[in-house]
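Participant: Listed below are the residues making up each chain.
Number of protein chains: 2
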Amino acid sequence: MTDAVTPADIFKVGFGFWASKTLLSAVELGLFTELARGPADLVTLSRGLGLHDRAGRDFLDALVALKMLDREEGLYGNTPETDHFLDRAKPSYVGGLLEMANARLYQSWGALTEALKTGRNQNEAKESGDVFAELYADPDRLRGFLAAMSGVSLGAAQAIAAKFPWKDHKTFVDIGTAQGMVPVTIARAHNHLSGAGYDLPEVKPIFDEFIAWHGMQERVKFLSGNFFTDPLPTADVLIMGHILHDWDLSQKRTLLEKAYAALPKGGALIVYESIIDDARRENAFGLLMSLNMLIETPGGFDYTASDCVSWMKEAGFAETRVQHLVGPDTMVVGIK
Amino acid sequence: MTDAVTPADIFKVGFGFWASKTLLSAVELGLFTELARGPADLVTLSRGLGLHDRAGRDFLDALVALKMLDREEGLYGNTPETDHFLDRAKPSYVGGLLEMANARLYQSWGALTEALKTGRNQNEAKESGDVFAELYADPDRLRGFLAAMSGVSLGAAQAIAAKFPWKDHKTFVDIGTAQGMVPVTIARAHNHLSGAGYDLPEVKPIFDEFIAWHGMQERVKFLSGNFFTDPLPTADVLIMGHILHDWDLSQKRTLLEKAYAALPKGGALIVYESIIDDARRENAFGLLMSLNMLIETPGGFDYTASDCVSWMKEAGFAETRVQHLVGPDTMVVGIK
Numbered sequence: 000m001t002d003a004v005t006p007a008d009i010f011k012v013g014f015g016f017w018a019s020k021t022l023l024s025a026v027e028l029g030l031f032t033e034l035a036r037g038p039a040d041l042v043t044l045s046r047g048l049g050l051h052d053r054a055g056r057d058f059l060d061a062l063v064a065l066k067m068l069d070r071e072e073g074l075y076g077n078t079p080e081t082d083h084f085l086d087r088a089k090p091s092y093v094g095g096l097l098e099m100a101n102a103r104l105y106q107s108w109g110a111l112t113e114a115l116k117t118g119r120n121q122n123e124a125k126e127s128g129d130v131f132a133e134l135y136a137d138p139d140r141l142r143g144f145l146a147a148m149s150g151v152s153l154g155a156a157q158a159i160a161a162k163f164p165w166k167d168h169k170t171f172v173d174i175g176t177a178q179g180m181v182p183v184t185i186a187r188a189h190n191h192l193s194g195a196g197y198d199l200p201e202v203k204p205i206f207d208e209f210i211a212w213h214g215m216q217e218r219v220k221f222l223s224g225n226f227f228t229d230p231l232p233t234a235d236v237l238i239m240g241h242i243l244h245d246w247d248l249s250q251k252r253t254l255l256e257k258a259y260a261a262l263p264k265g266g267a268l269i270v271y272e273s274i275i276d277d278a279r280r281e282n283a284f285g286l287l288m289s290l291n292m293l294i295e296t297p298g299g300f301d302y303t304a305s306d307c308v309s310w311m312k313e314a315g316f317a318e319t320r321v322q323h324l325v326g327p328d329t330m331v332v333g334i335k
Numbered sequence: 000m001t002d003a004v005t006p007a008d009i010f011k012v013g014f015g016f017w018a019s020k021t022l023l024s025a026v027e028l029g030l031f032t033e034l035a036r037g038p039a040d041l042v043t044l045s046r047g048l049g050l051h052d053r054a055g056r057d058f059l060d061a062l063v064a065l066k067m068l069d070r071e072e073g074l075y076g077n078t079p080e081t082d083h084f085l086d087r088a089k090p091s092y093v094g095g096l097l098e099m100a101n102a103r104l105y106q107s108w109g110a111l112t113e114a115l116k117t118g119r120n121q122n123e124a125k126e127s128g129d130v131f132a133e134l135y136a137d138p139d140r141l142r143g144f145l146a147a148m149s150g151v152s153l154g155a156a157q158a159i160a161a162k163f164p165w166k167d168h169k170t171f172v173d174i175g176t177a178q179g180m181v182p183v184t185i186a187r188a189h190n191h192l193s194g195a196g197y198d199l200p201e202v203k204p205i206f207d208e209f210i211a212w213h214g215m216q217e218r219v220k221f222l223s224g225n226f227f228t229d230p231l232p233t234a235d236v237l238i239m240g241h242i243l244h245d246w247d248l249s250q251k252r253t254l255l256e257k258a259y260a261a262l263p264k265g266g267a268l269i270v271y272e273s274i275i276d277d278a279r280r281e282n283a284f285g286l287l288m289s290l291n292m293l294i295e296t297p298g299g300f301d302y303t304a305s306d307c308v309s310w311m312k313e314a315g316f317a318e319t320r321v322q323h324l325v326g327p328d329t330m331v332v333g334i335k
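Heads up: the sequence lines are chains A and B, in that order. Just so we're aligned, residue 0 is where the first sequence starts under numbering that gives the first Met the number 0, counting upward by one. Just so we're aligned, residue 0 is where the second sequence starts under numbering that gives the first Met the number 0, counting upward by one.
Treat each hint with caution, since some may be false.
[As the list claims (entries may be wrong)] Distance windows between CB atoms, simulated:
(1) D247/A x D277/B: 51 to 57 Å
(2) A161/B x H51/A: 20 to 26 Å
(3) A136/B x T253/A: 52 to 58 Å
(4) T170/A x P79/B: 52 to 58 Å
(5) A7/B x T170/A: 43 to 49 Å
(6) D139/B x K203/A: 51 to 57 Å
(7) A7/B x A317/A: 32 to 38 Å
(8) K125/A x G29/B: 35 to 41 Å
Since the hints were derived computationally from the structure, they do not count as laboratory data. Note that the Cβ used here is the ideal one computed from N, Cα and C, for glycine as well.
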């Protein structure tokens, strides 16, 4: 036993669910949307959000200590980050992902030990095994899921818009586009591009609404289809973000083969998500995302860039390159 | 929108429950106890712990990325911290606290939003309101709770042993002692002291076992009583750690008054826990602990050192001083 060895880091990780759930409840209650109108004191906020006298002050001060709120002279206000990303009224809102975490994942992850022992998903599709059928069958749940996907995609979309050589290409399609955050972000950054989002037909009204909200309906269209039962649409560049990790290895290979078939010679496939570092010892978020696929899907898993490059080569891609995007996200580009 | 504003910190906190639950499941499965015998490869560990083929590698590598495990040439091993604190076979084991978090608190915290709106606890005592009656009525649950309290007390106990002027005193009693981690740690550090742990009679066999395991039965005794219905025992120094925050303000004042009554003139009361900084903007753990009291108790809450000093003065204490211990823990000392 030495003084240098303390349990502080163990407790910090082990009790991380306290901070996490506090932020998730704040998003659920609309706290940041409320404060985007202007700073407010404890009494006003408690009344507006329906917080009990016993709970409000600790809740808000905990969010100050977590650096999710500011507090000056008794008035609580958003930080620049929470104002930008957690105000539902702003197009930059990414809280859909946290709403989904709060409404679905927090509880499903409570059964992690069972998932580790059985290898079976632990969400609302625990019996049926088909999480996407469950999600797409319920319009409210679908809307929440698609908004969540915008939250997870925004940062990577901005980085792809900046880092990929778009000047060499004219058209692109985002495969499994959800609300269309990726095509909106890329098309807005590059006026010469025409883009589309491809997803199941149930997604169209939600996509169209999102694209119109961003005023991008002239250059971003919706294409309807099922990427397992239909051929993929063609374009100079195809994008698959947070798609491959949902599926087992055989399905991953099928999707890469179909992308290869749909591309023209010289065309590019961009695969991106929280790709695990090749040594599998740095990208904690990517490794935990793979456990999230265990919780959420019957066979999905995340993978390293090396894994992806080898599958792309097997599918026929002539060249590949790997480029870090932002935070835990990396893209692997395959050229036909 | 500026490039400097990213949602990375928001997602890091919001998805903190992934890392948290992964560590909690590892403790539940006995991973660190298994690895304390020596490093092991994926196949051996998966077989030993009953991990499914789909899950084991991501689970273990995620723990490597979270710095809770090492991995060298395909062999997983404990870090110095996890070997010392999360091996059930060692007296330094603090995983009881994480076992309790995993078995009880993770799920109770899922109802945080309801607690924030109603002010009512959300654990197994949601109906009865008396969490301690529920805990003490079930021997297994009581044993788990008392072990958890040892986990939360060890670091602070070492700091109190080092920082309080024990040479000026001969006897002490730890009020609400649980297994007796605090009296063991203090008595071991100071050979001239005789100590006792005070708790409800149900605790005695568990306390006696723990004290014997540490070989401290000569200088650390058990005193049985109920700190609300009985007078407190007398000693040169009384200690209350993680006690006051369980109770409402009126009950807190009662306990301080009873401690004052039990002390000799010149005697000291040491109150310690994750006391909130006076500005209520730094000690996130203390503020979240107060929300944990919302989840766990009908009226408990954490408080600042200033709050505690003012209650001690009202109870009659002549002098007070505030001293940081370790991590989120601080002690407030009152002298009669």
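Participant: Range first: 43 to 49 Å. Now tell me if the beta carbons of A7/B and T170/A are that far apart.
Facilitator: With Cβ atoms ~31 Å apart, the hint is violated.
Participant: Honestly, do A161/B and H51/A meet the 20 to 26 Å range at C-beta?
Facilitator: With Cβ atoms ~40 Å apart, the hint is violated.
Participant: Do the beta carbons of A7/B and A317/A sit within 32 to 38 Å of each other?
Facilitator: holds, 34 Å
Participant: Starting from the hint 52 to 58 Å, judge whether the C-beta atoms of A136/B and T253/A obey it.
Facilitator: holds, 56 Å
Participant: Do D247/A and D277/B keep their Cβ atoms within the hinted range of 51 to 57 Å?
Facilitator: holds, 55 Å
Participant: The hint says 51 to 57 Å between D139/B and K203/A; measuring C-beta to C-beta, is that right?
Facilitator: Holds: the Cβ-Cβ distance is about 54 Å, inside 51 to 57 Å.
Participant: Do the Cβ positions of K125/A and G29/B conform to the proposed distance bound of 35 to 41 Å?
Facilitator: Once the Cβ atoms are compared, 25 Å apart, the range 35 to 41 Å for G29/B and K125/A is violated.
Participant: Do the beta carbons of T170/A and P79/B sit within 52 to 58 Å of each other?
Facilitator: holds, 55 Å
This entry does not satisfy hints 2, 5, 8, going by the numbered hints stated previously.
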